[in-house]
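K.L.:
These protein sequence lines are chains H and U, in that order. Everything in the first sequence is counted per our numbering, starting at 14 for the first residue and increasing by one. Everything in the second sequence is counted per our numbering, starting at 7 for the first residue and increasing by one.
Since the hints were derived computationally from the structure, they do not count as laboratory data. Glycine residues also receive a C-beta, built at the ideal position from the N, C-alpha and C atoms. Be aware that a few hints might be false.
Claimed, not checked - To list a few chain U residues with every Cβ distance to chain H over 10 Å, as calculated: (1) M62; (2) K80; (3) S121; (4) N138; (5) Q147; (6) S159; (7) R161; (8) P189; (9) R207; (10) A210; (11) Y264; (12) Q280; (13) T284.
Unchecked claim - DMTMM-like, lysine to aspartate or glutamate: derived pairs with alpha carbons at most 20 Å apart: (14) K55(H) x D77(H); (15) K135(H) x D322(U); (16) K265(U) x E27(H); (17) K13(U) x E109(U); (18) K34(U) x E122(U); (19) K37(H) x E109(U); (20) K265(U) x E113(H).
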Amino acid sequence: MSYGSSGSAAPAEEKRHHAPLSGKDTDFYYNGLEDGQLLIQKCDACGTLRNPPSPGCGACSSMDWSPHALTGTGTIYSYTVHYHPPLPGFASPHPIAVAEFEGVRVVGAMDGTEPAAMAIGKPVTIEFTRRGEAAGFRFKLA
Amino acid sequence: MANFSKKAAIAGYGATEFSKNSGRSELKLATEAALAACADAGINPSEVDGISTYTMDNNNEQEVARAIGSKELKFFGQTSGGGGGACAPLMQAAMAVATGVAETVLCYRAMNERSEYRFGQPIQAQMPTSDNLIFAYHGFQGLMTAAALLAVSMRRYMHESGATQDDFCNYAMVARKHAARNPNAFFYGKPITREEYHASRMIADPFHLLDCCQESDGACAVIVTTAERARDLRQPAVLINAAAQGSPWGTMGLGAYYKQDIVPRDECAAAARQLWATSGLSPKDMQMAIIYDHFGPTVLPGLEAYGFCEYGEAKDFIKDGNIEVGGTLPVNTNGGQLGEAYIHGMNGVCEAVRQIRGTAINQVADVENVLVTAGSGVPTSAVVLSRDV
Ligand SMILES: [Zn+2]
Chain H
14 MSYGSSGSAA
24 PAEEKRHHAP
34 LSGKDTDFYY
44 NGLEDGQLLI
54 QKCDACGTLR
64 NPPSPGCGAC
74 SSMDWSPHAL
84 TGTGTIYSYT
94 VHYHPPLPGF
104 ASPHPIAVAE
114 FEGVRVVGAM
124 DGTEPAAMAI
134 GKPVTIEFTR
144 RGEAAGFRFK
154 LA
Chain U
7 MANFSKKAAI
17 AGYGATEFSK
27 NSGRSELKLA
37 TEAALAACAD
47 AGINPSEVDG
57 ISTYTMDNNN
67 EQEVARAIGS
77 KELKFFGQTS
87 GGGGGACAPL
97 MQAAMAVATG
107 VAETVLCYRA
117 MNERSEYRFG
127 QPIQAQMPTS
137 DNLIFAYHGF
147 QGLMTAAALL
157 AVSMRRYMHE
167 SGATQDDFCN
177 YAMVARKHAA
187 RNPNAFFYGK
197 PITREEYHAS
207 RMIADPFHLL
217 DCCQESDGAC
227 AVIVTTAERA
237 RDLRQPAVLI
247 NAAAQGSPWG
257 TMGLGAYYKQ
267 DIVPRDECAA
277 AARQLWATSG
287 LSPKDMQMAI
297 IYDHFGPTVL
307 PGLEAYGFCE
317 YGEAKDFIKD
327 GNIEVGGTLP
337 VNTNGGQLGE
347 AYIHGMNGVC
357 EAVRQIRGTA
367 INQVADVENV
377 LVTAGSGVPT
387 SAVVLSRDV
């Protein structure tokens, strides 16, 4: 199934999520979380994976794409631990990682992981959770 | 090849005081700084026929023009990038006066970003604009402040370069040392020790409080006109030798983790390539530099991206004293945005003007060329300002 909007492709997906802010290009991502999937995009024309959501492929400019679910183990490419000011919806200190899956980078909360355990190069897995009304996920050290 | 080199000049600059509570509107601050810049240049404000500022300024060009009495604007706009746009209005102004679209262009930044709103607060956007959807994508994971968004990039820089927290401290100490001697700096008379740096609370790992720029109220403005006309005005002309914007593929307004290099430097390196090519100058022709310090640690990749050091060598360059007044490349002689104030880069432009005129507090000897850079880790801009010789 194509999610693109060029030609006769299917129209944008219905919004089925409760993320605080989303649009027609990003609804699939938050809908995926509702379904227990961490989705990125795969270009139908050249196969390039991309994230975060964009209507076009930066490699070939095609607007035809399909969702691609990330699974298994990723690797922490970088991270921070947020301390101040207080965050809505998260306790501080709050670790956050940029992890690589299949060569694509994804940002994920790592609440529940000790700040001192955060390090570049460590393997992580995906765990789905709720963030208030919305479906979300976190990374956990593998 | 850009053909506006040395065709335009900064003829005057103006600034308000820098504080944590200005007690007046942002528009009034903009008006005060604009009028001060006109007076410094020796032009009548009615002559302003162009305005170029950059996004995140809340003062509409027409309202500023109405307040200062500009007769008619022929050229006006805001370049994008927030603090990354700090030098881009000089590029726009130089192109406008070089082509004759306008003759007298006002550039400004005015904000009460301490007393009326806080740049350091979590970003919670409402409208689904393309920028806001990216902020929301990161914010959904609790990555919501400018500090945390850049901290991710600087953690990677530490991993690649071997730079340590102590190396970041070295920059913070220099900025505060310069500010301590600058009566216009918020931290005038307040240098910091290594112990105070390490004891300051963590904001977003690896940024301590003393790595973060201030949140400030204040305004700065400059007047750009043709080099010929500037030579007839009351101040020595400060030539716009080269100006450039930098935005390689994958650049974002914070959080650009999806391109090959996530360190805040490849947008700077892109601007640098254009600057050095169009000016015919090189880093060694600069007697000093203003390197954007929204967060002090980003000065390290900044120095590297603009070619003052090889990648990974800025930590030693700073440790060896090069960036202090009296060193080989004094940096942020006003105290930077850690020490003087955070006027989104425009106070750095004003410091460069003073240094070229020879009127700075921490004056560097015989300044001919100054590199001024804008925010990194976002779409950026930079300018080389030169003495009229
Ligand atoms: Zn493609």
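K.L.:
All hints are to be evaluated individually against the structure, with a verdict given for each.
P.N.:
For each hint, the structure was consulted:
1. M62: At about 19 Å from chain H, M62(U) clears the 10 Å cut-off, so the statement holds.
2. K80: holds, 36 Å
3. S121: holds, 17 Å
4. N138: violated, 6 Å
5. Q147: Label violated. Min Cβ-Cβ 4 Å, cutoff 10 Å.
6. S159: At about 7 Å from chain H, S159(U) fails to clear the 10 Å cut-off, so the statement is violated.
7. R161: violated, 5 Å
8. P189: holds, 30 Å
9. R207: violated, 7 Å
10. A210: violated, 5 Å
11. Y264: violated, 5 Å
12. Q280: holds, 22 Å
13. T284: Holds, because the least Cβ-Cβ distance between T284(U) and chain H comes to about 27 Å, which exceeds 10 Å.
14. K55(H) x D77(H): holds, 9 Å
15. K135(H) x D322(U): violated, 29 Å
16. K265(U) x E27(H): Status violated; Cα separation ~30 Å.
17. K13(U) x E109(U): Status holds; Cα separation ~11 Å.
18. K34(U) x E122(U): holds, 14 Å
19. K37(H) x E109(U): Violated: K37(H) and E109(U) sit about 44 Å apart, past 20 Å.
20. K265(U) x E113(H): holds, 12 Å
Of the numbered hints listed earlier, those contradicted by the structure are 4, 5, 6, 7, 9, 10, 11, 15, 16, 19.
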